[in-house]
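K.L.:
Add chain B to chain A, keeping to what the hints say.
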Amino acid sequence: RAIDEDRKIKYEAAVKIQRWFRACRVRVYLRHLAKMAVLIQKWWRGYLRRKLFKGIVETAYYIKKQEFYNEMAVRIQKTWRGYYIRKYIHNYYALKKYLRAVSVNNELVRHELQEFAEMKENEEKMKDLEKKEKEKKYRARKMHYLLSTEQIPGIYNSPFRKSPDQMELLLQKSKPLTHRKQQVKNPVADELYGWPTCKEPPAFIKSLPLLPAGRQKPQGPFRDPAEVLQQRYKPVEPTLRVRESMYSPPAKAREPSQRKEWKDPIHDNEFLPFSSYHKKYEKYEPSLFKSDKYGKEAYGTKYFREVYPKKWIADK
Amino acid sequence: NSGVVCLLRPLLLDVVPSIRQTAALALGRLADYDVELAEAIVKAGILPQLICSLPQENRYYKKTAAFVLRAIAKHSPQLAQAIVQCGALEMLVICLEDFDPGVKEGAAWAFGYIARHNPELSQAVVDAGAVPLLVLCIQEPEIALKRIAASTLSDISKHSPELAQTVVDAGAIAHLAQMIPNPDAKLKRQVLSALSQIAKHSVDLAELVVEAEIFPVVLTCLKDSDEYVKKNGATLIREIAKHTPELSQLIVNSGGVAAVIDCIGSCRGTVRLPGIMTLGYVAAHSENLSMAVIVSKGIPPLCVCLLEEHEDHIKAAAAWALGQIGRHTTEHARHVAVANVLPTLLDIFVDTRSSEDLKTKASGFKALKNILQKCTYLPALEPLLHEAPPTIMKHIIGQFSKVLPHDSKARRLFVTTGGLKKVQEIQAEPGSLLQEYINTINNCYPEEIVR
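So the protein sequences, as listed, match chains A and B. The letter at position 18 of the first sequence is residue 18 when you use UniProt numbering, and the numbering goes up by one with no holes. The letter at position 110 of the second sequence is residue 110 when you use UniProt numbering, and the numbering goes up by one with no holes.
Extracted from the complex, chain A is given alone in its bound form (with noise of 0.2 Å):
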């Protein structure tokens, strides 16, 4: 037995010798292969990636030129948006320019403005003093009477004076006033029409004009005066076409005869009223014998040859 345990002992002891062996083969065989596979794969992603590296170059190439030429051209953009704005849209010099031309302007307007009210306020000034003058002159011609005369001095000619004041030299230069006509006014005229467009009332002429009152009868025909004035003042009848409004119904009526009068006419010779008419329109030509550079020659109207009756023979 004790050799049958050592046999199998050995035989384990064999067994497990050669396994272990075979383990390390297999274990080297597969490291083998790992390493094959590795560096296969190796190879192939280096292979792949040189491919690629070109193009990645070139675009990292492309991508650095693009910024610079980036930068430059934002450098140039800068450059040029400065100098235009500056010249054309913000440009300080021609603001200061046209502030002052403005403020030049501006003192122009103002001066003219200001001649415009000084001749406006002369104006004024004017139209006042002529009024004034104008009532001066109006109340001398209504005082006449306070000249002077030789034997009493006036008011304004006192004899401790020097010279007559002002007011004496222009009564003397004014005419006296005369009667103003007496006016025919209306009461009920008035009342109507107090209007100030509105100048001339309708003449209803309810009392006559006031003679005075003892007048003596003028001599001679004359008609009854009561009887002139009835027919001076006897009130208008005016015709029915007269009477008759622009706007009512017969004048409108009567508006499309005339219109086809007016466009159809029968003939469009004037009409001549009279038969002398145009005897009027017959002009005198003046022959050319007797008419001058100066005028029409006397001789042959108004005198002709010259008479000399002192050598007539006939009566003698």
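Keep in mind the hints are simulated off the structure, nothing from the lab. Built from N, CA and C at the ideal position, the CB exists for glycine as well. Among the clues, some could well be false.
Looking from chain B toward chain A, a few residues come up when the C-beta cut is under 8 Å (computed) [to be verified]:
no., residue
1, L219
2, S225
3, G255
Straight-line distance between alpha carbons at most 30 Å, and here's what the computed BS3-like set of lysine-lysine pairs gives [as the list claims (entries may be wrong)]:
no., chain 1, residue 1, chain 2, residue 2
4, B, K374, A, K78
5, A, K97, B, K297
6, A, K127, B, K186
7, B, K374, A, K96
8, A, K134, B, K186
9, B, K242, A, K97
10, B, K186, A, K120
11, A, K65, A, K51
12, B, K297, A, K120
13, B, K242, A, K96
14, A, K96, B, K369
Residues from chain B that keep clear of chain A, each with C-beta distances beyond 12 Å, as calculated [said to hold, decoys possible]:
no., residue
15, G87
16, A124
17, L133
18, K158
19, H175
20, Q178
21, E387
22, R412
P.N.:
Chain B in isolation, oriented as in the chain A frame:
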């Protein structure tokens, strides 16, 4: 009242013409005096009787009838509407075609009063075909007729752009522009107001008005002795200036700004208001234009307005105009600040009296803010530092913090005038903008001084 209207009614249909005329005149005067009487007349249905026989009547009756219509229409839109519904507009157009200038004047006046109230009535007037006749009226030699026609055109065109376009299409602008040099003051008032009502609606209409070559002539109106002519002239220029920068440029180029500034200087009261607004509009468009306003010496009159005027809305307008001038760049803000106007603006803003009028406060505040955001002129900012409320303080301190790090002389001045002390006294929440500004300022100085 006591049945007068009923008594007058049969008289209107009397045979004798002068009775009719007198009755119509009486009605007109009654309606003119009181609203209720006018309403009574309309309710009694007299208007159709008044109008029905109008075309056949003589000119005195037409004038009186136009007077009655105008007296009724002037009180309220409803009465004017009643008149339109009676068909009075056609009759008034017939009156406008009449030869007598008095009749035309009455008709034009009636149209004016009707068109004044609202756009629908104006449209009714335009639809009746009145506008070409009014333009013809303007060309007539009588001054009163011209006045009334101009005022009617102004009333028609003020409501909407379409109505203004209708007036323009009738060729009114050329005739109105020809009448500007006329010496009569009331006529000038009406003409200028008509042109400004036309120009205010749109850029095209304003350009049409400008093309009529009003420009140097309108400036003479600004020198007129009549206050309202000046006001209307300034209104016209304002309406033109407010649309586009090109139109404002035109006004500046023709010296209009100088004339407006002189006009502001010579008037008092509400007459100044359109002139102030013109300057504001011109300056608001661009910085070159506001520089032009500054160069034309525009700021001193505006300061004077701010100080002198008692009315709130004029002060608000002046503050707004100054804000528009100063808000573009530091140069502009410096010019405004040099004129010593910032303390006044601050006073307006802080003043408790003007606290009811939000507009004044709001405009003062905005103007101040706009100017301060660009102001680097420190001597002007310093007095404000002592008095300002917190909302303004933020901006002031911000400006200081922008300038002080760079300018040593300014720093020295700031310390000597006690500004630094004031800054320390301000308490701000940490992390807010104000605290950052304060920190920036403190960093400019060495530690000992800060403490």
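K.L.:
In ascending order, which of the hints set out earlier in this document are inconsistent with the structure?
P.N.:
Hint check: nothing fails, all pass.
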